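> Please model the complete structure; the sequences and the hints are all you need to start from.
In case you want the letters, here they are:
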Amino acid sequence: MTVNLVVVSHSEKIADGAVELAVQMAPDVLILPAGGTDDGRIGTSLERVMAALEQAADANSDGTVILTDLGSAVMTAESALEFLADPSSVLLADAPLVEGLVAAAVAAQAGADSAGVKEAAEAVYRPPAAPQHAHQHRPPEAAGDFELINQAGMHARPAAKISGGLSGMDAEVTVNGADAASMTELMMLGAGKGTVLHVEASGPDAVKAVEYLRGLIGTSFGEP
Amino acid sequence: MGLDVNWALRWLALSADAMAEHREELIELDRPIGDSDHGENMDRGFKAVMVKLAEAPPETAGAALKLTAMTLMSKVGGAAGPLYGTAFLRAATALGDTADVDAATLAAAFQAARDGIVARGKAESGDKTMVDAWTPAVDAAAAAAGDSDVRKVLLAAAEAAEAGAVSTDPMLARKGRASYLGERSIGHRDPGAVSSALILRAAVGAAE
Numbered sequence: 001m002t003v004n005l006v007v008v009s010h011s012e013k014i015a016d017g018a019v020e021l022a023v024q025m026a027p028d029v030l031i032l033p034a035g036g037t038d039d040g041r042i043g044t045s046l047e048r049v050m051a052a053l054e055q056a057a058d059a060n061s062d063g064t065v066i067l068t069d070l071g072s073a074v075m076t077a078e079s080a081l082e083f084l085a086d087p088s089s090v091l092l093a094d095a096p097l098v099e100g101l102v103a104a105a106v107a108a109q110a111g112a113d114s115a116g117v118k119e120a121a122e123a124v125y126r127p128p129a130a131p132q133h134a135h136q137h138r139p140p141e142a143a144g145d146f147e148l149i150n151q152a153g154m155h156a157r158p159a160a161k162i163s164g165g166l167s168g169m170d171a172e173v174t175v176n177g178a179d180a181a182s183m184t185e186l187m188m189l190g191a192g193k194g195t196v197l198h199v200e201a202s203g204p205d206a207v208k209a210v211e212y213l214r215g216l217i218g219t220s221f222g223e224p
Numbered sequence: 225m226g227l228d229v230n231w232a233l234r235w236l237a238l239s240a241d242a243m244a245e246h247r248e249e250l251i252e253l254d255r256p257i258g259d260s261d262h263g264e265n266m267d268r269g270f271k272a273v274m275v276k277l278a279e280a281p282p283e284t285a286g287a288a289l290k291l292t293a294m295t296l297m298s299k300v301g302g303a304a305g306p307l308y309g310t311a312f313l314r315a316a317t318a319l320g321d322t323a324d325v326d327a328a329t330l331a332a333a334f335q336a337a338r339d340g341i342v343a344r345g346k347a348e349s350g351d352k353t354m355v356d357a358w359t360p361a362v363d364a365a366a367a368a369a370g371d372s373d374v375r376k377v378l379l380a381a382a383e384a385a386e387a388g389a390v391s392t393d394p395m396l397a398r399k400g401r402a403s404y405l406g407e408r409s410i411g412h413r414d415p416g417a418v419s420s421a422l423i424l425r426a427a428v429g430a431a432e
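Sequences listed follow chains A and B, in order. For the first sequence, position 111 matches number 111 in my numbering, and the numbering has no gaps at all. One gets my numbering by counting positions in the second sequence from 1 and adding 224 to each.
Some hints could be false.
Stated by the list, open to error - When the alpha-carbon atoms are kept at most 25 Å apart in a straight line, the in silico DMTMM-like pairs for lysine to aspartate or glutamate are as follows:
id, chain 1, residue 1, chain 2, residue 2
1, B, K276, A, E82
2, B, K346, B, E283
3, B, K276, B, E252
4, B, K271, A, E47
5, B, K346, A, E82
6, B, K276, A, D39
As the list claims (entries may be wrong) - Chain B stretches covered by chain A per the calculated footprint, using a threshold of three residues with CB under 8 Å from any CB of chain A:
id, segment
7, 291-302
8, 305-315
What the hints assert, rightly or not - Derived contacts from chain A toward chain B, CB cut-off under 10 Å, selection only:
id, residue
9, H10
10, G36
11, G43
12, S79
Everything labelled a hint here was simulated from the structure, so no lab data went into it. Note that the structure is predicted; figures quoted are calculated from it, not measured. Yeah, the Cβ is synthetic: ideal placement off N, Cα and C, and Gly gets one too.
Now the structure itself:
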């Protein structure tokens, strides 16, 4: 059971492309594009948005989160909510379309509820939380140093695997000081091949979390 | 005597005529401060409304406005789609299934339309948007509703909307595409305010 996503864009190509990108990182999440007007021009269409929302609602009842691009896409999405029988099952995320969609898709793939998926999208462009002061005061319960061996280093897919996998564990984890629950913070490390990642974890699942990262990083995230 | 479904259908038909007739003018107004598609979008949207109304003739004014709302939201494309769509939708809700719309109900429907535009677009008076046509129109309609003459309400709304559209000339745009232009938006008339005035003027013609 996962939250569904609907992408409302002025451009059919942008909506389809964003979905194509996000599906790579969230193969089990239903992500529906609603881009362009009915006749394929630039614009947004209530009918297309309604159709996507209805398809999402039919698929399961875990709720739907909408991501939008420019202003009138937001208005069309809000208008669609006015027509819905149960608007409370649909949340609108205020986030950059592509980055927010990818973060939302990863969160949905990891089993977050609709509020969690919306939050994941909206956290994308928020300044990173203040450095992990909490961690500085208490020693980590588990730690490890792992070298990045995949060619591309810490790019979107590895970051998604890390933050997605950790979202199911009860542990606070940092990677070189970045919050490992945040895909964006991980990507902002800019860690390339050969970088040694220092992982610290605390909480009930601390050991499990470090072992999870050891496995992921050690097998180069399943990529070259 | 109030307004019935035939008035609503004439209103929408005259609105469609007005959008076709003023298509180029709206495009020209939109060129310097927008993306010069307002005339084309509104013309296409109302032509689609005419098709929908012909396919499934509504039985009440409220039903006609609701069908208009859904069609505009789907066919217009730009911001005007959800804004006008919401306006017509809220007006339709205010009219309900009333067969004979009186002056007070009409004024309330205009107010509901304006409130919908404000809720959707988050614009305030003075932001150089269609709100600057609608708010004076709503105020004038409410003031005129006391006479219980729907034609006076319609006329008061249309005249106030036309004056409101002119009043956008010196305004600095604070919402929509035009707001990106900052000071350069001053001296241009807001196309959405102009199309709003045209639509409210069509409502007068429909009651004659």
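> Could you check the structure against the hints above and give me the numbers of any it violates, in ascending order?
2 and 3
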